[in-house]
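Q: Here the sequence shown stands for residues 74 to 378, numbered as in the numbering used here.
Keep in mind that the hints were calculated from the coordinates and are not lab data. The beta-carbon is built from N, C-alpha and C at its ideal position, and this holds for glycine as well. Careful: at least some of the hints might be erroneous.
[As the list claims (entries may be wrong)] Pair by pair, the computed Cβ-Cβ distance ranges are:
{"#": "1", "residue 1": "ALA360", "residue 2": "LYS320", "range": "21 to 31 Å"}
{"#": "2", "residue 1": "ASP268", "residue 2": "GLU180", "range": "12 to 22 Å"}
{"#": "3", "residue 1": "GLU180", "residue 2": "GLN235", "range": "29 to 39 Å"}
{"#": "4", "residue 1": "GLU370", "residue 2": "ASN332", "range": "10 to 20 Å"}
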Amino acid sequence: MKRRDFLQKGAMALAASTALSHELFAAKKKGEMVGVQLYSVRDDMKKDPMGTLKKVADMGYKNVEHANYVNGKFYGYSPTEFKKILDDLGLKMPSGHTVMGKQHWDESKNDFTDLWKKTVEDAAICGQRYVISPWLDVSLRKDMDSLKRFMDVFNKSGELCQKSGMKYGYHNHDFEFSLKLNAVPVYDLILQNTDPKLVIQQLDIGNMYGGGGRAADLLKRFPGRFESMHVKDEIAVKGTAEGAGEKYESAVLGTGIINVKEIIDMGRKSGGTVHFIIEQESYQGKAPLDSIKEDLEIINKWGYK
74 MKRRDFLQKG
84 AMALAASTAL
94 SHELFAAKKK
104 GEMVGVQLYS
114 VRDDMKKDPM
124 GTLKKVADMG
134 YKNVEHANYV
144 NGKFYGYSPT
154 EFKKILDDLG
164 LKMPSGHTVM
174 GKQHWDESKN
184 DFTDLWKKTV
194 EDAAICGQRY
204 VISPWLDVSL
214 RKDMDSLKRF
224 MDVFNKSGEL
234 CQKSGMKYGY
244 HNHDFEFSLK
254 LNAVPVYDLI
264 LQNTDPKLVI
274 QQLDIGNMYG
284 GGGRAADLLK
294 RFPGRFESMH
304 VKDEIAVKGT
314 AEGAGEKYES
324 AVLGTGIINV
334 KEIIDMGRKS
344 GGTVHFIIEQ
354 ESYQGKAPLD
364 SIKEDLEIIN
374 KWGYK
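Using the sequences provided together with the hints, build the complete structure.
A: What follows is the structure in structure tokens.
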């Protein structure tokens, strides 16, 4: 074979393989990261935070998201102590869950309480890029006026977080889709009444399922709004009577009823998603640590690392 023919065939093969790779994997974005929500291993973290974090790091995780900030401490450690633990293990904590409620906003002063200001400060000390509130109290979604007023507080929290180089965000569950105000789902109202420059959305693609929400629909209707995503699969819970508790529970990625790879590819391509956080809350008899190890291996195979 002549060198020219060899080079031409090589170029054609490279082009074909490149096209195939683009079909299989949506193009990775700058700043993209994969992590795990530590609620997935909550019992292990309660018993032995340092030992559990080491196991998480040894699996290959480089980013974690906390779910335990109580009385100014992360899993019992001060912000500086916890930051050092993470640093020593080669881990980063770009985000964390802390509920912001009406107790954190002083209407008489039109300002946040010292408690919420300290929460934001401590998040910055730990190196967080996002402060995520994972709940909205019933009193704040009882009617349209209550919801809209607190969405103004969400926007103000975004301004507060920006002063420390971070972003404020909201994480959904299921009620945002089952509950409607003036015939509009609460989640749509949250998106419509928050400034995308101030409030990012952390889309939990599994939580919404029981409330009737579907991630693909949201990604199509609100492109670019979901900077962070909880990557989760769901299975139907056997023997659950209609209306009696949860109908679904999380499972290892790729084993449930959600087309997870399709959803995260949509997030990467058009949802604005750069932060993919694995979360598994139920394990079907497996150990939680084994489950999140398997989840990481699967998402890596899908082209997310």
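Q: For every hint, state whether the structure bears it out.
A: Outcome of the hint check:
A C-beta distance of roughly 25 Å is found between ALA360 and LYS320, which places it inside the suggested range of 21 to 31 Å. Checked against the given bound of 12 to 22 Å, the beta carbons of ASP268 and GLU180, roughly 20 Å apart, stay inside it. Taking 29 to 39 Å as the suggested C-beta distance range, the pair GLU180 and GLN235 does not conform, at roughly 22 Å. The hint said 10 to 20 Å for the Cβ distance between GLU370 and ASN332, and at roughly 19 Å that hint holds.
The structure is inconsistent with hint 3 alone, although it conforms to all the rest.
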